[in-house]
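Undergrad: Residues per chain, in single letters:
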Amino acid sequence: MSKTLLRFFLKLFAALFGLFAVTFVIYFFNLDMKATSLIEPIFLKHYEKIPRKQYV
Amino acid sequence: MVIKNPVEKAGEHTLGVLYSNGKVRRRREWRGIRDTLYDYTRWLYLVSILARFVVKPRNVKGMFRYRWMSNYLAVMHGMDKFTIGLRDEPLRITHTAMNFVIADVTKAIDDCFRGDRRLGNDRAFSDRCVLTDENAMTAFMMGFPNVKAILREVPTMFAANIFNQNSTTHYLDVAQEFGIPGDVCPMPEAEAGISIDDDFCVLGRCAVQVNTTCDGSLMGNGLIAKRLEREYGIPTFQLVAPMRHREEDVQEYAAEDIRKAIAFVEEHTGQKWDWTAYFESAKRVNDATRKRIEQLEINSTDYPQFFGSVFSLYNDTNYMGNCGRNADFVKIDKKLLALAEKGVKNKRMAAKEYRHRCIVWGVQPQYCIDMLYWMLQCWGVVPLTDMLSMVNTRMIAEEDTPENREQAYYDMAWLNENMIMRNRTHGGYKVLVDELWEFCEKMHADMVMMWEHMSCKALTGMHGQFEEQARAKGIHLVWVSHDLCDPRVFSRQAIRDQFSSYMRTVMREEPLDPSIEVLPDNDAW
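Chains as they are written, first to last, in the numbering used here: chain A, 1 to 56; chain B, 57 to 581.
Where hints are given, some of them may not hold.
Straight-line C-alpha distance at most 27 Å; calculated DSS-like pairs for lysine-lysine [as the list claims (entries may be wrong)]: (1) K387/B - K339/B; (2) K163/B - K34/A; (3) K117/B - K45/A; (4) K117/B - K49/A; (5) K49/A - K282/B; (6) K53/A - K282/B; (7) K112/B - K49/A; (8) K45/A - K112/B; (9) K117/B - K53/A; (10) K34/A - K112/B; (11) K117/B - K34/A.
A few chain A residues that don't get close to chain B, going by computed Cβ distances all over 12 Å [what the hints assert, rightly or not]: (12) S2; (13) K3; (14) L5; (15) F8; (16) F9; (17) L12; (18) A15; (19) F17.
These are computed hints drawn from the structure, not numbers from a lab. Cβ atoms here follow ideal geometry from the backbone N, Cα and C, with glycine treated the same way.
Bound conformation, chain A alone (with noise of 0.2 Å):
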């Protein structure tokens, strides 16, 4: 029983060691902003699609 408990924090102590891992690298080299840029190009395209009723 406490072999199992032990085998269950250990792998909830591996994967949120790794969650940490992952996003801290994301957040310290910024990738989350440098996948963002990458995005905006694609949205201004489409807003360049969207019928408008422009007036004054």
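Assemble the complex: chain A is given as a structure, and chain B must be docked to it using the hints.
TA: Quick look at chain B alone, frame taken from chain A:
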């Protein structure tokens, strides 16, 4: 007097290495283990806010419908701009305030999309909404607890520009294609462009606009109101605050206008003005005023704690957009003050040296660039406070009595007249020039950074008087020209160069961190 930081700053000292030629930075700042981990947890918090927003299908739909939504791809980048070089309490204060503002804006977008006729189209919700001018004090909504004030220009134009310096350029082009001149303030011009481009959410039972601060906003409001009323059938009320707001003989007229605005909202929403809710809000307005004064007193010491663009931005949001209606601000105010008190007790500094104590005055673009934090890290100039944060300090009536119910209209009018910008750019010589020197004295400032907005006519006539009086008082006056949210007229580096030029030629000083004197951020968000 130069104040040196007794503690060596943990982590990075040469901030220039973080900048790249692209839209975003190379990486985030290393602030030592403790502060980097803190900054990381706040990043995770912001990710969670955005994730909660994105899981709603109508919000994804909104992302594809509205051009201004693409600016929110840069939220984290915007946050990084305001935390550059910060450690300890100043870092925590900036995150606490700015994270709250971001959560508030996210909620505002969510509300806009919920009621928007093109997206959520929740009619019952939309019928409980009043479109409220971005530059309006929301005082006239303090007694409507069941009606939502939707400041749709905030997420569409103002907040978008915090994150992306190019957020308005498309809309400025649209406005100018339709013959609006390019020499008016780009802020109302961009808002007019958004309306012409049909890129505003459409919701609400009625709308209230104010004669904000200038000819540009009157022009923009006219165009927006025309579309709201004639195309979308949303009746619009014009709340007209007197310009000479310190004069006693205008107060009766101003109070009368507030009465009419309230009657207009009652008529269109079917809701009745609730005095209990009003006086509860009034207590919170007074609480926020007291806390703001205390923060300013801390900034008058040798160890200012809560300053920079975020101080201004938080004050704008709390004072004008919230105006006592949301109880959550009370908790945040309390937390911010506790952090600032701890910071001043521990003599925390945000840079390795404070060389000059500066008041930032004039029509300011400091939201879209990291100028104030740059001044601090590059030249050791502490931005103690700014013009937009120097708003009402008078307490309003907060007990529900028959006399105070009458006084309340005058209080709401007073707040409306003293909205940010208007309380300084209008109201006469005293509020703009004389009081600046009083603030310099109170806050022991030896320098004033004067933002000169080249498309704004509000301050132009006072230029000579500022120069003459600053010279007489021995205050260093640094003029820095800009064109608010149009970076094509003045780039970020062109703005910084003006300040650096003064520091080198007049002050004969060398930068604290030479690596950030010239930054390759022209194309950055």
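Undergrad: Run every hint past the structure and note whether it holds.
TA: Hints, one by one, checked against the model:
1. K387/B - K339/B: 14 Å, holds
2. K163/B - K34/A: Given pair K163/B, K34/A holds - Cα atoms ~25 Å apart, limit 27 Å.
3. K117/B - K45/A: It holds: about 16 Å lies between the C-alpha atoms, which stays within 27 Å.
4. K117/B - K49/A: Distance ~15 Å between K117/B and K49/A Cα, so the pair holds.
5. K49/A - K282/B: Holds, at about 26 Å.
6. K53/A - K282/B: 14 Å, holds
7. K112/B - K49/A: 24 Å, holds
8. K45/A - K112/B: 23 Å, holds
9. K117/B - K53/A: With Cα atoms ~19 Å apart, K117/B and K53/A stay inside 27 Å; holds.
10. K34/A - K112/B: Within the cut-off at roughly 24 Å; holds.
11. K117/B - K34/A: 23 Å, holds
12. S2: With a cut-off of 12 Å, S2/A remains clear of chain B, as the shortest Cβ separation is near 32 Å.
13. K3: 33 Å, holds
14. L5: 28 Å, holds
15. F8: Non-interface label on F8/A holds, nearest chain B Cβ at 24 Å vs cutoff 12 Å.
16. F9: 22 Å, holds
17. L12: Holds: least Cβ distance 18 Å, greater than 12 Å.
18. A15: At roughly 16 Å from the nearest Cβ of chain B, A15/A sits farther out than 12 Å, so the non-interface label holds.
19. F17: 14 Å, holds
Going down the numbered hints, you'll see the structure goes against none, and every one checks out.
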